[in-house]
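6 protein chains.
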Amino acid sequence: MTDIVRVDGRTTDQLRPVTIERGWSDQAEGSALISFGRTKVLCTASFTNGVPRWMAGKGKGWVTAEYSMLPRSTDSRMDRESVKGRIGGRTHEISRLVGRSLRAVVDMKALGENTIVLDCDVLQADGGTRTAAITGAYVALADALEWGREKKFLSQKAQPLIDSVSAISVGIVGGVPMLDLAYVEDSKAETDMNVVVTGRGLFVEVQGTAEGAPFDRQELNSLLDLALAGTVSLTEFQKTALGR
Amino acid sequence: MTDIVRVDGRTTDQLRPVTIERGWSDQAEGSALISFGRTKVLCTASFTNGVPRWMAGKGKGWVTAEYSMLPRSTDSRMDRESVKGRIGGRTHEISRLVGRSLRAVVDMKALGENTIVLDCDVLQADGGTRTAAITGAYVALADALEWGREKKFLSQKAQPLIDSVSAISVGIVGGVPMLDLAYVEDSKAETDMNVVVTGRGLFVEVQGTAEGAPFDRQELNSLLDLALAGTVSLTEFQKTALGR
Amino acid sequence: MTDIVRVDGRTTDQLRPVTIERGWSDQAEGSALISFGRTKVLCTASFTNGVPRWMAGKGKGWVTAEYSMLPRSTDSRMDRESVKGRIGGRTHEISRLVGRSLRAVVDMKALGENTIVLDCDVLQADGGTRTAAITGAYVALADALEWGREKKFLSQKAQPLIDSVSAISVGIVGGVPMLDLAYVEDSKAETDMNVVVTGRGLFVEVQGTAEGAPFDRQELNSLLDLALAGTVSLTEFQKTALGR
Amino acid sequence: MTDIVRVDGRTTDQLRPVTIERGWSDQAEGSALISFGRTKVLCTASFTNGVPRWMAGKGKGWVTAEYSMLPRSTDSRMDRESVKGRIGGRTHEISRLVGRSLRAVVDMKALGENTIVLDCDVLQADGGTRTAAITGAYVALADALEWGREKKFLSQKAQPLIDSVSAISVGIVGGVPMLDLAYVEDSKAETDMNVVVTGRGLFVEVQGTAEGAPFDRQELNSLLDLALAGTVSLTEFQKTALGR
Amino acid sequence: MTDIVRVDGRTTDQLRPVTIERGWSDQAEGSALISFGRTKVLCTASFTNGVPRWMAGKGKGWVTAEYSMLPRSTDSRMDRESVKGRIGGRTHEISRLVGRSLRAVVDMKALGENTIVLDCDVLQADGGTRTAAITGAYVALADALEWGREKKFLSQKAQPLIDSVSAISVGIVGGVPMLDLAYVEDSKAETDMNVVVTGRGLFVEVQGTAEGAPFDRQELNSLLDLALAGTVSLTEFQKTALGR
Amino acid sequence: MTDIVRVDGRTTDQLRPVTIERGWSDQAEGSALISFGRTKVLCTASFTNGVPRWMAGKGKGWVTAEYSMLPRSTDSRMDRESVKGRIGGRTHEISRLVGRSLRAVVDMKALGENTIVLDCDVLQADGGTRTAAITGAYVALADALEWGREKKFLSQKAQPLIDSVSAISVGIVGGVPMLDLAYVEDSKAETDMNVVVTGRGLFVEVQGTAEGAPFDRQELNSLLDLALAGTVSLTEFQKTALGR
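Residue numbers (the numbering used here), protein chains in the order written: chain A, 2 to 245; chain B, 2 to 245; chain C, 2 to 245; chain D, 2 to 245; chain E, 2 to 245; chain F, 2 to 245.
If we strip away everything but chain A, and leave its shape as in the complex, we get:
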């Protein structure tokens, strides 16, 4: 799989350079500026004591997420969704994906009646923005939970984080399964798949789409192999960023 040279010189199973600037924001309870190559996403976690009214009194917390792209994060400028007055389907879809992915590693009972909102704003986009968002949001989340513990909104022994979580894109480009597609690869992929995996190696989401040509079982398996290996690396980056 490794003698095909990709547009940026990577092997097919190689991630782009990953950086995680933990604590980028002075304001948020947790934050990370993550980059997968040229893709840069600012992830903040806002911790609020209390839950929405419809959830109150159940002793459980809530984690939700919002994803958005700056208008000129892309090669040609997009209109702002605030100006259009409505959020597009893609934005909705990714916000929901990020929220579900992070909720999968949080024990809502242990969180108690606290709410965490994860904001993932894409400052620069070059493919893989949703997977970078999930991977960075985990770091922000972990810090916000620590903040909540320091502020006594969480008890000292509460363990709301039951695992870590990261995500990566894989796809079939020109017949070849590849890891972590850059935009130019993604736009010509026959099949594109986003895979969300916990630190222990379990699947949270598998979202495969045949953009160009339907795929068979063997291709699916190759993509899953790549994704599992990629998320092992991302988990290491997260641990390093968090100083663990």
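Any given hint might turn out to be false.
A pair counts as met if it fits within one copy or between any two copies, since identical chains are not told apart.
In silico lysine-lysine, DSBU-like type, Cα no more than 30 Å apart, as pairs [what the hints assert, rightly or not]:
#, residue 1, residue 2
1, K189, K59
2, K152, K59
3, K240, K189
4, K85, K61
5, K110, K152
6, K153, K59
7, K152, K189
8, K240, K85
9, K240, K59
10, K189, K110
11, K189, K61
Everything labelled a hint here was simulated from the structure, so no lab data went into it. These figures come from a predicted structure and were not determined experimentally.
Fit chains B, C, D, E and F to the known structure of chain A by using the hints.
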């Protein structure tokens, strides 16, 4: 897998009763009222000669879809999205899924500069509405294409349909992989997966989500096995409905 | 008036075939799929114990209605109002008309602090959708009230229904007053009138509009005669459907 | 009918004082500030040479209307529809009614490819705002048509106005049919009816609603008698205002 | 400065004719129809006992404002913001300006937990609508406060009004600083400035904008001189209107 | 003025540390990440050949701006305007201010039929976001114009930039005029003023608002002195960033 008895007496690998009323609508160029058990979806296909302005002149067609639920298709009444003034994320997500799934089996060149809009309106919901929508929309689409051929918007030898497509949900409920979840099963599933498969057995979409607990590779494989078998049956229902 | 033959062979004072499928929905507390010829409207009644906050504590109930058309209920596809992000004037107008019409036969004191929402969704449209909606909604409403009585949300002796109600369109087409206009007649009518009448023969709404040419008092009287006769028949269909 | 004394001392068949200030606006091609008692509506007619694109090339014109209330035109302040971001059903309904009423007296062929927009803004509301709006809009319309003739957008011999039009409310209050309801009467009326009548005495719209109790044929006839007499007077006020 | 003759014959430091019809509305607690030449703004003040929930319990009141233009207040018709479904930036900006300006002369403690909403609706526009709105709104506000005192919502000795406030536009047109620009002057001004001044001669707002050419310190000073003189006159008109 | 010590140790006439990272974005034709202390704004300039249709054929260009804040740029999280479905008044106001400020230094004739959109997204907010936005946007604009020249959308000798522009806030806090207010100062200022000044020292905008107490002429003059001195420094930062 077959000695567990489900809430409605099915085995774990059994579909609910499927019916397809082809040509339900007097108005649309193609239509089908499909039911998966108590789930009923009215699918219509609207054929328009011509394409949106931004696509004109390329000799290619366009297929798109919109999904919606009647406010009292569910057990308790939902507010209408038209009244709320905005479409929710779930609706967007499913509309996009249906559209992508049907486009995967259409040769846009062979369709020529024609547009087909698939409307999938859920009249009654009991789990699996998106998979019923895709399966029924295929029947409506096939008829709309025949209509276009009769009206000479398509040439006699054009073959825009390159395959058939159907979809089914699978999930892990109480630790057991099951086919075609009813609402009561879906709402307690640890993992829920929607799989879109062509008549030839290739994947178009694999959308697995760990609602309750992350899943491992073996569970993923069991779910895919169930889904592939289920879509073989659905393909037969489609053929029968279309008289082929 | 009876020797003019209409487009579908009816006499000028003849209704189209009327069918009422009571209890079409498994989910709603009351429901009816009504057809006036090719016009088909699914009417559901949702019973909720309690009233909106601004009405609470007055010992009175509330009945409201929402009307909508499926995008391909008509000959050429209409855009969805949810997609446009706003409800059109016609939809608003008819929703309000249906709500007022049903409220006219409900004793809000006897209903107690309960709310009934009537949803009238047009599955297929061929003229007279609003009158079919009112006529079918009455059947759904009656069943929802029975449901409320069984569930003890209404006392055994409460009589919230003070009369029945139905509605029919009339119009002047080519100078001739006619009952129950099909779409092709409606679209060329000089005057179009919708009349809502109780089972006892009293008017709830008279909405006459000169689309083409203003009308005189004698024409108005002919239209009212036709409408009163038509609603007598509709009342019988309702009684039969309800098994009374 | 005349020995019942109403809240403001009128007889049951008496209009409130009517004033029409023609040409109130310096900007509009036609305008009138009309009052029915304390109800004051500013009506402007905006004449534009040309028609919307979808109407072009047919040699016909277009007349449309928009109705709105100032937030403090009423006894307690209402939220602005612009602030709420959506137009309410009542506003839509009345805008459509005003538009249809004025179109009923315009020959669109004679108008040629010109557009007239009638804006009816309620400055103060005390019942009968929609009927005052129609009555005043006619005066503004007539002046805008003269303006169009002077500017040569209409030929010298074109006669786009085929009749005049005015409107009045009638209702049954405490069992008694009454003309031109003030707000305090309207709010307790059993039945409320708005009637739009041409200068020649033909009906354009008859919109009767049983707010409190259904009405019988005889009551309907009494209301129509009152309305026809009232619009004869209004027609005179219009003629005087227009100096005819 | 006085030998330049302006389009309407005024000197450069001369206001247009000002009229203030106090109590124009029968409904509002305070109102004024103000005109600056052809510019006419209807200002109403709505007094409500109580404050929005988020302000309750602090013993303080609230004053806010909304500004809007009728669609045909201008030379060519504008679309309604309610129809467009969104409020434009200019409307927002002016509403906020009017609100801030009036709040600057109200002692919120002395107002107590009462709310006043100022609605400024432009009936006819010829430049200076925002300054007329502020000047007229003050008169409406003063009357609404008196109403609140009479109704005992304010104590007899409470003095919520700590000063009066008025506003005027100034600008540089053809190199010459001028007071109270009419529309035709405003549209060709190099610099346009709106100045809000209290009765005691203190600034509340200074909003200068170089539409055509940046301005220097000396020009700024000339404009401020003109504005201060103009607001002295406006203060007199307010006093006269209020009978003080 | 210099012996008062401010919250962060500055003198009253001292700017916070200013940094300008020119070319922060790989995608935009011009960009700058500017910081005024903890306030960070990402400014991008998008150059498009051509102008909106309503401007075409006049040989002139267009410059416009959009300002927005990330939801967690502030101390407590704000709802996204895209989620609320409408843009707030403050956002509108600042977007318009930024656009006007930059247009003041562009010769639209020299720009030719090209459009530049300036996006100013606040990543972190600590007072002065609008002034940082204007100051940074100028740098992005200058680079985008160079890009346009290289791409031959501008002729070699065209000089669209007629001056530079920067902006700073000033205010009276505790009776003392101060330069470049941090959030904690701004929120307790009696008067707050934003001043936009060209490189040559001419005013483009003067926006002074008495949030707490009206101000007199002398205070206004002190504020303008501070602002003029501050913008001289900002002009130097801009020159350095642009390598001039």
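Outcome of the hint check:
For the homomeric pair K189 and K59, the shortest alpha-carbon distance between copies (19 Å) is at most 30 Å, but the shortest distance inside one copy (48 Å) is not. Taking the closest pair of Cα atoms, K152 and K59 come within 30 Å of each other both inside a single copy (21 Å) and across two copies (28 Å). Within a single copy, K240 and K189 get their C-alpha atoms no closer than 33 Å, and across copies no closer than 33 Å, so neither meets the 30 Å cut-off. In the homo-oligomer, the alpha carbons of K85 and K61 lie at most 30 Å apart only across protomers (26 Å), although the nearest pairing inside one protomer, at 36 Å, exceeds that limit.
Proximity of K110 to K152 under the C-alpha cut-off of 30 Å is restricted to the intra-copy arrangement: shortest distance 18 Å within a copy versus 35 Å between copies. With identical chains, the CA atoms of K153 and K59 are at most 30 Å apart both within one copy (19 Å) and between copies (29 Å). Taking identical chains as interchangeable, the C-alpha atoms of K152 and K189 lie at most 30 Å apart only when they sit on different chains, with a minimum of 27 Å there against 49 Å within one chain. For the homomeric pair K240 and K85, neither the shortest alpha-carbon distance inside one copy (39 Å) nor that between copies (36 Å) is at most 30 Å.
Taking the shortest alpha-carbon separations for K240 and K59, neither the intra-copy value of 32 Å nor the inter-copy value of 48 Å comes in at or below 30 Å. Taking CA atoms no more than 30 Å apart as the test, K189 paired with K110 passes between copies only; the shortest distance there is 18 Å, against 44 Å inside one copy. With identical chains, the CA atoms of K189 and K61 are at most 30 Å apart between copies only, with a shortest distance of 18 Å across copies and 44 Å within one.
Violation of the numbered hints given earlier is confined to hints 3, 8 and 9; the remaining hints are satisfied by the structure.
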